[in-house]
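Chains as they are written, first to last, in numbering that gives the first Met the number 0: chain X, 0 to 254; chain U, 0 to 474.
Do not take every clue at face value.
Said to hold, decoys possible - Partial list, derived from the structure: chain X residues whose beta carbon lies under 8 Å from chain U:
no.	residue
1	Asn-60
2	Asp-85
3	Ser-89
4	His-97
5	Phe-101
6	Leu-112
7	Trp-116
Source of the hints: derived by calculation from the structure; they are not laboratory data.
Fair warning: this is a prediction, and the values are worked out from it, not measured in the lab.
Don't be surprised by glycine CBs; every beta carbon is placed ideally from N, CA and C.
Residues per chain are reported as follows:
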Amino acid sequence: MANAAKMTQTDEIAIQITGMNKWYGTFHVLRDINMSVVRGERIVICGPSGSGKSTLIRCINRLEEHQKGQIIVDGTELTSDLKNIDKVRSEVGMVFQHFNLFPHLTILENCTLAPIWVRKMPKREAEEVAMHFLTKVKIPEQAHKYPGQLSGGQQQRVAIARSLCMKPRIMLFDEPTSALDPEMIKEVLDTMIELAHDGMTMLCVTHEMGFARQVANRVIFMDQGQVVEQNEPEQFFLNPQSERTKLFLSQILGH
Amino acid sequence: MSDISFVRAEMLPPSEPPISERGAVKWLHENLFSGWLNSILTVLAVVSVYYLIKGGSPWVINGVWTGDSLSDCREALAGESGACWAILVERWNQFLFGFYPNTEYWRPTLTFALLFVALAPVLYYGLNRANAIMVGIVGGVLVLSLIALGTDVWHILLSVLVFAALTAVAWLAPKKLVYMSLAFPALGFFILWGGSVWGPIGAMAGLGIFAVVWRLTQRVLGDVVAGGVGLIVAVVWWLWLQTVVTTALHGLIPIGLEAVDSDQFGGFLLSFVIGVTAISASLPIGIVLALGRRSDMPLVKMLCVGFIEFVRGVPLITMLFTASLLLQYFLPPQTNFDLVLRVIILVTLFSAAYIAEVVRGGLAALPRGQYEAADALGLDYWQAQRLITMPQALKISIPGIVSSFIGLFKDTTLVALVGLADPLQGIRKIVLADIDWKGIFWEPFIFVGLIFFVVCFSMSRYSMYLERKLKTDHH
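Using the sequences and the accompanying hints, generate a full structural model.
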């Protein structure tokens, strides 16, 4: 099954990052990142906290600004040009650790908001699209409730549906299961696995190693703001090269 | 350690709480007699309320309702303690309308009723039936009040027709009521101040010109520059062209009401004119200032911070004296810029600074994730503010905003200091200057205080209703 999913990728470059550096004040959070992501590729990024993995994917839709180097997403380079930023953001979906649903809007309104205002889609059509994706994440019956009335797992699935409603070409996941109860992690992972099988280009910051094994084409291990090791999941887990990676893996898989 | 193994064969069904945990017993226990200290306080409170009523009620109930002067009241009371409500029966109209001409009382009354219609799209947002019913009830009360005020038949008939039409609109096409809200500032001004109908229409036309110019140039120049161009054209219209055009139009089609000078405004009419205008204008200005204060653009930020801090650092009375005295020096000689309007403008700016800080508090309370989610979905700055952050920030700020509004409404009595006849100080002094009522003390305070209480309490209850309605975490 994992192999079937992997076949959907092509050679088209979705994201190209060259010599990218970022500082918070004087603190050097990302150091010389070079990475290219092919369309349809699914990448899992892991590493200890503070290693810059979240910052890295937040740079890809410019929630964080990089100071040096180049990020090209879908052929558009991210600079301070607002038009380019908005263009990239409307093509790149993002799922957050804390869901970040809009609590004053219903589930359906959460999903139709961006298509209506950014894509200028008619309301009726946007609602159809939203219901399609809510059905896909298996909660169409919750459409008229408010986020506060849903469980964490359901909220995260709504957040995924909300991003999908913009028909993004790339999806970024920032620790999507870290704030969830164990019983709810599976329902979110299942949704993400299904998305992977549909051929979506995905970058996931996660510690779910089962997920990484099952769907990732590539696992990237980061520490101290740099890429320490990357490999196919099989090789990465069975045969880690760096001492730092070995230590990390022994700690997260050791219990 | 014997056997620690345990397996539940059957799950327990939920059962009723014990009798001490439900109904009146629980309520009494929790709220009045939860401990010996609370029990003593409860008893003390009941006793004090009892003595307060026992001491105060004879004075209120014994009160005399008929009479032409304080001495009439004293005669009727014959030495007993009692209020002289006759002053209110005789002079209520001054407390409500100041020196507005008697025959024109229908105008402020109609304006007050129309205010509720103008507020309808906001008051019960989304509840169209409730709005229609409210408009109908307000219309009914209006007609009854007009009859009680002794208005002539034609104006009663006019009001009936207007409100029948508005109720129908509210019932059938509730969204159309927004036009009423938009027209209300000019309409209210025209009905209250009178004069030629073309003046307010000309002033509104300025806004129309702004909108048209903005629309036409927006594509070419972008939103901000187009807004600036629109504003310049509108200001040119207001300053130089409007008077020429409206005078000409008035010459052709002279429609108008008897002009009423600001000097004749007073009592609660004045309080409401200042309060309502300042409240409705200060909210949008306050929101813009709050956004400006959080802006990344240093110049915008500096201007907003400077304005807010300056206004908050200066007492309202200073602003009022500025309005009445200082502003005149900056205007061209012989300009007759209405004192009430000047006061309204400065009270609005004063209130806007406070609203800005309350709204900024609401914005600061929003989790960063909300801004990030809006950004990540590709919404631009104004969309994110309008659709995501403002609805939530304003909801958080409701108690603070309404407190500011209540404070502002009560502060309208300070206009007495610049010689306007507010109900508490201005009108009361004028009424008491009459030899017939000299020496009366409590009654006007109670009357004015009661009306202020009703208005402020309504605002407070409405804000609580709004908070409940906007609560979305559980139903």
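Here is what the structure says about each hint:
no.: 1; hint: Asn-60; verdict: holds (6 Å)
no.: 2; hint: Asp-85; verdict: holds (5 Å)
no.: 3; hint: Ser-89; verdict: holds (4 Å)
no.: 4; hint: His-97; verdict: holds (5 Å)
no.: 5; hint: Phe-101; verdict: holds (6 Å)
no.: 6; hint: Leu-112; verdict: holds (6 Å)
no.: 7; hint: Trp-116; verdict: holds (5 Å)
Of the hints listed earlier, there is not a single one the structure fails to meet.
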